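S.K.: Given next are the chains, with one letter for each unit.
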Amino acid sequence: MSKQRVIVIGGGLAGLAATMKMAELGMSVLVVSFLPVKRSHSVCAQGGINGAVNIKGEGDSPDIHFYDTVKGGDFLAHQPLCKDMCHHAPYIINLMDRLGVTFNRTPEGNLDFRRFGGTLYHRTAFAGATTGQQLLYALDEQVRHFEVQGLVEKMEWHEYLGAVLNDNGRCVGAVIHNLRSGEIKAEKGDAVILATGGPGLVYGRSTNSMVCTGTAVTSAYLQGAKYGNGEFIQIHPSAIPGRDKLRLMSESARGEGGRIWVPRKAGDPRKPKEIPEKERFYFLEERYPLFGNLVPRDVGAREIYDICVNDKLGVHGEMKVYLDLTHHTREFLDQRLGGILEIYEKFTGVDPREEPMEIFPAVHYSMGGIWTDYTRTNEGLIDHQSPNNQMTSITGLYAAGEADYQFHGGNRLGANSLLSCIYTGLMMSPGVLNYVKNVPEAAEDIPETVFSASVKKWHESYENIKGMNGKENPYALHREMAEEMISNVLIVRENSKLKSTLDKIDEFESRWQDIKCVDTNDWANPVPSFINQLWNMIQLSKIITKGALLRDEFRGSHYKPEFDLHQPDDFRPETYLEFEKQKESGTIKEDAFAPEHLAYMKRFSENNIKWLKTTIAAYQDGGPEISYEEVDTSLIAPRPRKYD
Amino acid sequence: MPETVTFKIKRQDSENSGSYWETFTIPYVANSNVISCLMDIQANPVNSKGEEVTPVVWESNCLEEVCGACTMLINGKVHQSCSALVDQLKKPIRLEPMSKFPVIRDLTVDRSRMFEALKKVQAWVTADGYHDLGPGDRLAQKHQEIAYTLSECMTCGCCVEACPQYSSGNNFLGAAAISQSRLFNMHPTAKNIADERLDTLMQEGGIADCGNAQNCVEACPKSIPLTESIAEMGRQVSGKLWRNIFRA
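Here the protein sequences come in this chain order: A and B.
So in the working numbering, the last spot in the first sequence is 644, and the numbers never skip.
So in the working numbering, the last spot in the second sequence is 1248, and the numbers never skip.
Treat the hints as calculated values from the structure; they're not laboratory data.
Please read these numbers as outputs of a predicted model, since none were measured by experiment.
Among the hints, a few may not be true.
No more than 20 Å apart at the CA atoms, straight line, and that leaves these computed lysine to aspartate or glutamate pairs for EDC-like [stated by the list, open to error]:
id	chain 1	residue 1	chain 2	residue 2
1	A	Lys471	B	Glu1051
2	B	Lys1049	A	Asp519
3	B	Lys1119	A	Glu147
4	B	Lys1100	B	Asp1087
5	B	Lys1120	A	Glu153
6	A	Lys516	B	Asp1209
7	B	Lys1222	A	Asp351
8	B	Lys1119	B	Glu1204
9	A	Lys265	A	Glu286
10	A	Lys56	B	Asp1137
11	B	Lys1222	A	Glu345
12	B	Lys1222	A	Asp334
13	A	Lys273	A	Asp351
So these bits of chain A aren't anywhere near chain B, every CB distance computed over 12 Å [claimed, not checked]:
id	residue
14	Leu99
15	Asn168
16	Arg259
17	Arg264
18	Phe347
19	Thr375
20	Glu460
21	Asn608
Some, not all, of what chain A presents toward chain B, calculated at C-beta under 8 Å [said to hold, decoys possible]:
id	residue
22	Arg98
23	Gln134
24	Lys471
25	Tyr475
All C-beta atoms in this analysis are idealised placements derived from N, C-alpha and C, irrespective of residue type, glycine included.
Assemble the whole structure, with the sequences as input and the hints as a guide.
M.R.: Here it is as structure tokens:
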């Protein structure tokens, strides 16, 4: 068989982890990236990476990490994958340490760990407040070493347009657009991995970087790949308002003791430091005595929304709350949070070591993504040799990192994203290579016509875009679409608004046809690419909105007040396990439970039967056809979440 | 409060074409940075003469000064355009591409030379493999503090843009790569090939090309102690030269 290679699209943590691992195993890899890979969005991850190394002797373990992850995701995540990931997490942190990541240290010289949301343990390893950047740099360095050795080739300044499929629908390469020369050509690959990150730009301004349009995975969806759990979009509780971007204020600020509060008096005009302690409302600490400021992100974002919108207690009457670190010394803050505090100071002109920060919730992460497969073992772990792992529903097309859908369920825990990115990249590699070894025909040997047909299609598509001479400016249209998504498909979701947004999206789609391609040069012209990306963002916004409209429940980040099951305040989740046990044995001793608990548990149980399922979007007749698929919840029995 | 803000932008249509200045006057919006204004121009690409023109091309990604992409000359000073706040800048605001690198288009340049320099100084840890080999070495907090600071370098190019020695006519590695060689020479296992890095620094384009102008450390947006790094690597190179002499 001819020489084989794998194409990796995207040079963030997931893409580079896969590249590095496959190169180690002897495979040639072509990495395609919009930008030099060192500038990928992974650099924006701040707080850290989770792994139950138990440095603090708290009795933490991978199984507790697994439980926290599954509970944090409101039981919608695939449990064998989560379990395998959490069990590999300590090794991944050790590996990254060996590769030179400058993790913070304890006085004895061990890796230091901090607390993060959704857990009671010190489980998050960190490098100052730029952990994602540091992890990415370590992988970038390894990949550069392989580049020098000739095993890895990089095509930076190139964009993925679509997969090349042979007559059997198998992926045999990728159509790549050179963002400088404008040339469109096919690259042959025996497998293609999409490690292209999330879709934050569908919402315009988010905590995401400019390349996070979700366009690559949407292209796969338009070619027939299934998309999973699109409606589950994480809103991060703390971001810094900005005109171009909503910059993240890491959860680590709260992990290091940062406190969220608002003045008790609505519209209090005083400066925060003039407001005495008893006139401050530390609402997360009061409402969640156990987890306090470190409730999971979905809970935190909803509480901030509630305090600002329903209680009208937002700072200066706006959608803002204080995040206060001023009780710490400057030295402590600089050593552990320096990077993020500098960002706040640079962009707002206010020193967060002296004044409480003003923060608000912003679109941050997509739990959903392109559907991918896996093979579990009898122990409920993952068979790392299986070619199915991370394969999309298009044979030979894989996905990894934020681009996939199955690790975080309905809500991702902070510091699990860096973990899931590196984990998927490493975990999938042996299986991808097993797939490549056994393909019926190497990509090199496939007739040129298969590739030239794909190139021709994309070439025509871009020529058509360049010829667009309507009235709409693509960037202005994008802003308008993003406003619609921000207004109606965010923290609180209502069916009537979701319906009207779907209609609006159809309007945006027709207005897209009337775009003017404001730059028709051949050289280094980003406009045609953006117009193509905008089309894909419109398609993706349909997946998100329709998924949200049809899912009539409240789970994780997907909150519909109308379908809140109203957990009684004094309810304990263990009661539900007892209820389920009795249900399985055939008879429920109804008088063993308080009547309102019993009624709640019945509601909860019925709701899970109907909705504890993956949303699947498949492209059909110009839009997403929605269906539902079972989730593997065989290892930890689903139960109501509680954090107080 | 001003009603508008004016930008003078040095544009260039392709690698080999000449450059020209174009002026844009856009509505003033509070809390703008240079990038949000470039985005406004994109959404309504009309210059000050009222002519419809192509949107300005620039490079950016993270918009929070951790990726290094959006570096350019702002009023003559090299900086990331995301963290350049309009209220703090003298008007009209002049934007130019960095001068030490080939211009691709408008404000976009090709900084490949910096990444090639990282190959030359072997800025990596040589690992036996990516399987489970247990934890790495224990390291003092003080060690981590220095290493972390050096490792924050985002290859943005501010240091070499400000450097009088770095030019398209020579092959000077520049402060960023020299500082990275310091980072890896202090790592417990990457220092196994410390001598190879020093060999590179001894060659043409290496440490001897530094003219000690100290502009680099002033220009670094991450306050990386680049001159300390250069001094430290100078010491290591001298040490190796002495060792070479005695061995001979």
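S.K.: Look at each hint and say if it fits the structure.
M.R.: Status of the hints after comparison with the structure:
1. Under the criterion of a C-alpha separation no larger than 20 Å, the hint pairing lysine 471(A) with glutamate 1051(B) is consistent with the structure, at around 16 Å.
2. Pair hint lysine 1049(B) plus aspartate 519(A) holds up; C-alpha atoms about 18 Å apart against a cutoff of 20 Å.
3. Taking the CA atoms of lysine 1119(B) and glutamate 147(A), the gap is about 9 Å. The hint holds against a cut of 20 Å.
4. The hinted pair formed by lysine 1100(B) and aspartate 1087(B) fails the criterion: a straight-line CA distance of about 28 Å is larger than 20 Å.
5. A hinted pair counts as satisfied when its Cα atoms are at most 20 Å apart, and lysine 1120(B) with glutamate 153(A) qualifies at roughly 17 Å.
6. Our distance criterion of 20 Å between C-alpha atoms is broken by lysine 516(A) and aspartate 1209(B), whose separation comes to about 50 Å.
7. Of the pairs offered as hints, the one joining lysine 1222(B) and aspartate 351(A) holds, with about 17 Å between alpha carbons and a cut-off of 20 Å not exceeded.
8. Proximity of lysine 1119(B) to glutamate 1204(B) is assessed by CA-CA distance (about 16 Å); at most 20 Å being required, the pair is judged to hold.
9. Only pairs whose Cα atoms come within 20 Å are accepted, and lysine 265(A) paired with glutamate 286(A) is accepted, the gap being roughly 16 Å.
10. Only pairs whose Cα atoms come within 20 Å are accepted, and lysine 56(A) paired with aspartate 1137(B) is accepted, the gap being roughly 18 Å.
11. Our distance criterion of 20 Å between C-alpha atoms is met by lysine 1222(B) and glutamate 345(A), whose separation comes to about 14 Å.
12. A C-alpha spacing of about 13 Å is found between lysine 1222(B) and aspartate 334(A), which places the hinted pair at or below 20 Å, so the restraint holds.
13. Our distance criterion of 20 Å between C-alpha atoms is met by lysine 273(A) and aspartate 351(A), whose separation comes to about 13 Å.
14. Some Cβ of chain B comes within 12 Å of the Cβ of leucine 99(A); the nearest lies about 5 Å off, and the non-interface call is violated.
15. Against chain B, the non-interface label of asparagine 168(A) holds: every CB pair exceeds 12 Å, the least being about 33 Å.
16. At the 12 Å boundary, the C-beta of arginine 259(A) stays outside the reach of chain B, the nearest C-beta of that chain being 23 Å off.
17. At the 12 Å boundary, the C-beta of arginine 264(A) stays outside the reach of chain B, the nearest C-beta of that chain being 28 Å off.
18. Distance check for phenylalanine 347(A) against chain B: the nearest CB is about 7 Å away, which does not clear 12 Å, and the non-interface claim fails.
19. With 12 Å as the threshold on Cβ separation, the claim that threonine 375(A) sits away from chain B holds: the shortest Cβ distance comes to roughly 20 Å.
20. The beta carbon of glutamate 460(A) sits about 23 Å from the closest Cβ of chain B, which is more than 12 Å, so the claim that it is off the interface holds.
21. Distance check on asparagine 608(A): its Cβ is at least 37 Å (rounded) from any Cβ of chain B, clearing the 12 Å threshold; non-interface status holds.
22. With a least beta-carbon distance of about 4 Å to chain B, the hint placing arginine 98(A) at the interface is held under the 8 Å criterion.
23. Taken as an interface hint, glutamine 134(A) checks out: its beta carbon lies about 6 Å from the nearest beta carbon of chain B, inside 8 Å.
24. Restraint check, lysine 471(A) versus chain B: the minimum CB separation of about 12 Å is more than 8 Å; hint violated.
25. Given hint, tyrosine 475(A) at the interface with chain B, holds; its Cβ is 4 Å from that chain's nearest Cβ, closer than 8 Å.
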